[in-house]
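Colleague: Respectively, the protein sequence lines represent chains X and E.
Position one of the first sequence corresponds to residue 92 (this note's numbering), numbered consecutively onward.
Position one of the second sequence corresponds to residue 44 (this note's numbering), numbered consecutively onward.
Derived from the structure by calculation, the hints contain no laboratory data.
Just so you know, these numbers come straight off a predicted model, no measurement behind them.
Treat the hints with care, as some may be off.
[As the list claims (entries may be wrong)] Computed beta-carbon distance windows for the label pairs:
#  : chain 1 : residue 1 : chain 2 : residue 2 : range
1  : E       : 161       : X       : 127       : 14 to 24 Å
2  : X       : 180       : E       : 64        : 14 to 24 Å
3  : E       : 150       : X       : 107       : 37 to 47 Å
4  : E       : 60        : X       : 161       : 30 to 40 Å
5  : E       : 47        : X       : 123       : 43 to 53 Å
6  : E       : 115       : X       : 119       : 35 to 45 Å
7  : E       : 114       : X       : 148       : 35 to 45 Å
8  : E       : 161       : X       : 111       : 45 to 55 Å
9  : E       : 46        : X       : 198       : 39 to 49 Å
10 : E       : 143       : X       : 147       : 23 to 33 Å
[What the hints assert, rightly or not] Below, in silico cross-link-like pairs of lysine to aspartate or glutamate (EDC-like), each with a Cα-Cα straight-line distance of 16 Å or less:
#  : chain 1 : residue 1 : chain 2 : residue 2
11 : X       : 177       : X       : 163
12 : X       : 151       : X       : 119
13 : E       : 163       : E       : 81
14 : X       : 132       : X       : 182
15 : E       : 52        : X       : 164
16 : X       : 177       : E       : 56
17 : X       : 177       : E       : 132
18 : X       : 114       : X       : 229
19 : X       : 177       : E       : 101
20 : X       : 97        : E       : 88
21 : X       : 97        : E       : 51
22 : X       : 114       : X       : 99
23 : X       : 223       : X       : 182
24 : X       : 106       : X       : 198
25 : X       : 132       : E       : 51
26 : E       : 163       : E       : 132
27 : X       : 151       : X       : 99
28 : X       : 123       : E       : 132
29 : X       : 208       : E       : 56
30 : E       : 61        : E       : 81
31 : X       : 208       : E       : 101
32 : X       : 106       : X       : 146
33 : X       : 151       : X       : 182
34 : X       : 123       : X       : 155
35 : X       : 95        : X       : 163
36 : X       : 106       : X       : 182
37 : X       : 223       : X       : 119
38 : X       : 132       : E       : 154
39 : X       : 132       : E       : 81
40 : X       : 114       : X       : 146
Just so you know, even glycine gets a beta-carbon here, dropped at the ideal spot from N, CA and C.
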Amino acid sequence: MGTKWKVEFNAIDPKDAPRARWKVGVPEWLYKRQQIHGHEKELARLRLVLEVLQEEGGTKRLYEGWSRPGKEDCYVYVGRPNRDYKSLRIETPPPPGMIFLIFVLSDGTIDGWTLRKARPDDPNGPLGVTGKLIWQLDQA
Amino acid sequence: MATRSGLEKLLKENPPAKRFVPYCYLSRQADELTVYFEGEADYSERLSDHLTLYRSLETNEIIGCRIKGIDGILADLPNFIRVNHDGVELSILFFAFRGGAEGEVREAISDLAREAGERKMVLQTAL
């Protein structure tokens, strides 16, 4: 796609949310790692990454900091897609009570994506994410 | 910027291998070690500042993990063990990491070490 990344997304810019956008992407080596090891559901879930980062209302929350020293300038995007993927061809309903997280380094490199249980009293609040909440959809 | 059709094209032209093969990799930039024993649909559970487990959505069994802040452990390893040209046995890394852990975290790390040992998994890294 002509960038330093294998696939690039246009996400909300944490430094000027939600007005500005910035480019984030999956590095070539990470895609390749999952490809050669046959980690199909990880690649299939790139569709959820696209949905959460780019589609209208896809990003529900944006946190700054990964809750560990030295990673205060990294980000977590939170979304609630209405589906999941077991493989490229098998789409399933989203697991109840879970939300989708995308971990992004300070230079925009996507480090990973995962489903995580939401807090019982906060459907958009992921368990184990204690960074600084810098933006959420219902405040926009 | 990716489009739905562009992403589908990418996935079609760069498909995953037909069979899942367990793997581990080190991200120096993120200072993390990621391990997957199984490739089924999963979710993550953060157990501590340094350990996140990947569990099967279907069975809830541990199928992988992510260990953060791994650089210090890797840097110290040559002082304690002999590292051969094939890399570091993953089970050794888990035991090194288990040192200060307690309770649920310690138990999870022991499970991970056993699983890695049974599968003879090796982390390829330049120490």
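Colleague: Work down the list of hints and note, for each, if the structure agrees.
Modeller: Consistency of the hints with the structure:
1. 161(E) to 127(X): 14 to 24 Å: Hint holds: Cβ distance 22 Å, inside 14 to 24 Å.
2. 180(X) to 64(E): 14 to 24 Å: 20 Å, holds
3. 150(E) to 107(X): 37 to 47 Å: Holds, since residue 150(E) and residue 107(X) (Cβ atoms, about 44 Å apart) stay within the stated range.
4. 60(E) to 161(X): 30 to 40 Å: 34 Å, holds
5. 47(E) to 123(X): 43 to 53 Å: 22 Å, violated
6. 115(E) to 119(X): 35 to 45 Å: Since the Cβ atoms of residue 115(E) and residue 119(X) sit about 28 Å apart, the hinted range of 35 to 45 Å is violated.
7. 114(E) to 148(X): 35 to 45 Å: 38 Å, holds
8. 161(E) to 111(X): 45 to 55 Å: Holds, since residue 161(E) and residue 111(X) (Cβ atoms, about 49 Å apart) stay within the stated range.
9. 46(E) to 198(X): 39 to 49 Å: Distance hint for residue 46(E), residue 198(X) is violated at roughly 23 Å.
10. 143(E) to 147(X): 23 to 33 Å: At 46 Å between Cβs, range violated.
11. 177(X) to 163(X): 32 Å, violated
12. 151(X) to 119(X): 27 Å, violated
13. 163(E) to 81(E): Answer holds: residue 163(E) to residue 81(E) is near 14 Å, not above 16 Å.
14. 132(X) to 182(X): 10 Å, holds
15. 52(E) to 164(X): 33 Å, violated
16. 177(X) to 56(E): 19 Å, violated
17. 177(X) to 132(E): Outside the cut-off at roughly 30 Å; violated.
18. 114(X) to 229(X): Outside the cut-off at roughly 23 Å; violated.
19. 177(X) to 101(E): Answer holds: residue 177(X) to residue 101(E) is near 11 Å, not above 16 Å.
20. 97(X) to 88(E): 27 Å, violated
21. 97(X) to 51(E): 13 Å, holds
22. 114(X) to 99(X): 7 Å, holds
23. 223(X) to 182(X): Violated, at roughly 33 Å.
24. 106(X) to 198(X): 12 Å, holds
25. 132(X) to 51(E): 14 Å, holds
26. 163(E) to 132(E): 7 Å, holds
27. 151(X) to 99(X): At roughly 20 Å apart (the allowed maximum being 16 Å), residue 99(X) and residue 151(X) break the hint.
28. 123(X) to 132(E): 23 Å, violated
29. 208(X) to 56(E): 33 Å, violated
30. 61(E) to 81(E): 14 Å, holds
31. 208(X) to 101(E): It holds: about 14 Å lies between the C-alpha atoms, which stays within 16 Å.
32. 106(X) to 146(X): Violated. Residue 106(X) to residue 146(X) sits at ~19 Å, over the 16 Å cutoff.
33. 151(X) to 182(X): Distance of about 22 Å is beyond 16 Å: violated.
34. 123(X) to 155(X): 28 Å, violated
35. 95(X) to 163(X): 24 Å, violated
36. 106(X) to 182(X): 34 Å, violated
37. 223(X) to 119(X): 29 Å, violated
38. 132(X) to 154(E): 24 Å, violated
39. 132(X) to 81(E): OK: residue 132(X) and residue 81(E) at ~11 Å, within 16 Å.
40. 114(X) to 146(X): 14 Å, holds
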